[in-house]
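Chains S and Y supply the protein sequences, listed in that same order.
Heads up: the first sequence is residues 1 to 209, going by full-length UniProt numbering.
Heads up: the second sequence is residues 1 to 209, going by full-length UniProt numbering.
Please note that the accuracy of each hint is not assured.
The list cannot tell twin chains apart, which means a pair is met if one copy fits it or any two copies do.
Okay, derived cross-link-like pairs now, SDA-like style, lysine to any residue, Cα gap no bigger than 20 angstroms in a straight line [unchecked claim]:
| hint | residue 1 | residue 2 |
| --- | --- | --- |
| 1 | K114 | D193 |
| 2 | K164 | S40 |
| 3 | K7 | D92 |
| 4 | K134 | E201 |
| 5 | K164 | I137 |
| 6 | K67 | N100 |
| 7 | K196 | E158 |
FYI, nobody ran anything at the bench for these hints, they're computed from the structure.
Protein chains: 2
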Amino acid sequence: MTKSNKKGVLIVISGPSGAGKGTICKELLDKRDDLYLSVSATTRAPRKEEIHGVNYYFLTKEEFECKVSENDFLEWAEVYGNYYGTPKSNVDKMLNTGKNVILEIDIQGALKIKENSEDGVFIFILPPSMEELKKRITNRQSETQESLMRRFSSAYQEINYISKYNYGIINDTVENAVQKIENIICAERCRVDRIKDDILESKEGFIHE
Amino acid sequence: MTKSNKKGVLIVISGPSGAGKGTICKELLDKRDDLYLSVSATTRAPRKEEIHGVNYYFLTKEEFECKVSENDFLEWAEVYGNYYGTPKSNVDKMLNTGKNVILEIDIQGALKIKENSEDGVFIFILPPSMEELKKRITNRQSETQESLMRRFSSAYQEINYISKYNYGIINDTVENAVQKIENIICAERCRVDRIKDDILESKEGFIHE
Numbered sequence: 001m002t003k004s005n006k007k008g009v010l011i012v013i014s015g016p017s018g019a020g021k022g023t024i025c026k027e028l029l030d031k032r033d034d035l036y037l038s039v040s041a042t043t044r045a046p047r048k049e050e051i052h053g054v055n056y057y058f059l060t061k062e063e064f065e066c067k068v069s070e071n072d073f074l075e076w077a078e079v080y081g082n083y084y085g086t087p088k089s090n091v092d093k094m095l096n097t098g099k100n101v102i103l104e105i106d107i108q109g110a111l112k113i114k115e116n117s118e119d120g121v122f123i124f125i126l127p128p129s130m131e132e133l134k135k136r137i138t139n140r141q142s143e144t145q146e147s148l149m150r151r152f153s154s155a156y157q158e159i160n161y162i163s164k165y166n167y168g169i170i171n172d173t174v175e176n177a178v179q180k181i182e183n184i185i186c187a188e189r190c191r192v193d194r195i196k197d198d199i200l201e202s203k204e205g206f207i208h209e
Numbered sequence: 001m002t003k004s005n006k007k008g009v010l011i012v013i014s015g016p017s018g019a020g021k022g023t024i025c026k027e028l029l030d031k032r033d034d035l036y037l038s039v040s041a042t043t044r045a046p047r048k049e050e051i052h053g054v055n056y057y058f059l060t061k062e063e064f065e066c067k068v069s070e071n072d073f074l075e076w077a078e079v080y081g082n083y084y085g086t087p088k089s090n091v092d093k094m095l096n097t098g099k100n101v102i103l104e105i106d107i108q109g110a111l112k113i114k115e116n117s118e119d120g121v122f123i124f125i126l127p128p129s130m131e132e133l134k135k136r137i138t139n140r141q142s143e144t145q146e147s148l149m150r151r152f153s154s155a156y157q158e159i160n161y162i163s164k165y166n167y168g169i170i171n172d173t174v175e176n177a178v179q180k181i182e183n184i185i186c187a188e189r190c191r192v193d194r195i196k197d198d199i200l201e202s203k204e205g206f207i208h209e
């Protein structure tokens, strides 16, 4: 029996704004050195201290459009005149060398990736409660009451998309949520769909020895 | 968001003879007090020290056949004139009170259960290598060379059934294998199929508060 699965797992971490996916991903990447963050590409100008290849791949509009025409994005979108996208070839390269790739993305992006990824693992991060979600959205925005309610209502609606995902994790504490994602990664690497070719191949190898 | 999934998970642990599933199950049950072993029913006579309801439910042939006619077995089989089966109502009762149920069973039994269980988790235990499998089968049997080869050949063929399972675990060490099963149970309890009704229900509850 082979002991290492050759291909890494693409782990898409997503959920409504305010659920805490950013903090979870940061903690997960700090804790585990076998996980790699997928770096997005964008045409917006770099902010102070942002580094090309670390925070984003900063591309010109022409470069980005060229990649779009070459079908080199798992998903992309235009937001306020700038392009943002997930470069496919980078992700594939990491997966093919056995690395597990973490991709933090909003729900619309995740659903687009799902159309293009057969064996990605889609994890939906949920707030501990709707009250807590409201509080988080309120705390981090300096907006009008009306726009806060709009943001909350949108996050509330977005929770319905959980049914498109493989796993749902309630972010009661970051530590618990991170541990559950680690367990999911371990479980996914044991899935028969991912390992059976290796197993059956190594079995055949034995009989011919 | 609800924090506890109401229903337990049925975990079917199976694999070829010699892969070590018995040792793994014992260790798993010793380690975790939220796991319950499904006790089989049989019509064979109890051996010394075997206790009704612990090692087996010892039934008369009539009692067993009555349960068969009531469709109260997840699977059953006749072996050398005795019946063996997995009582369905016991398993369902445990699952419905949120307990996770471990069921250790051979491959034929597991495949029958799969036909009757929509949401069971089927885990295939693999030996560390085919050499090791051969050694284990040889060590524990006092049989002729020919019958050993037949047993090995049968175990070898049985590995093909892995494709019917959800997960495959290489039993390199019992500790590793047990840890992986624990991770799988955690991951399965986060599966959207298992939790989404609770999530969406608790969300609706909030909006009407």
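Hint check:
no., hint, verdict
1, K114 with D193, "both (17 angstroms within a copy, 17 angstroms between copies)"
2, K164 with S40, "neither (23 angstroms within a copy, 38 angstroms between copies)"
3, K7 with D92, "within (10 angstroms within a copy, 37 angstroms between copies)"
4, K134 with E201, "between (52 angstroms within a copy, 18 angstroms between copies)"
5, K164 with I137, "neither (24 angstroms within a copy, 45 angstroms between copies)"
6, K67 with N100, "neither (23 angstroms within a copy, 48 angstroms between copies)"
7, K196 with E158, "between (36 angstroms within a copy, 13 angstroms between copies)"
Hint compliance for this structure: hints 2, 5 and 6 are broken, all remaining hints hold.
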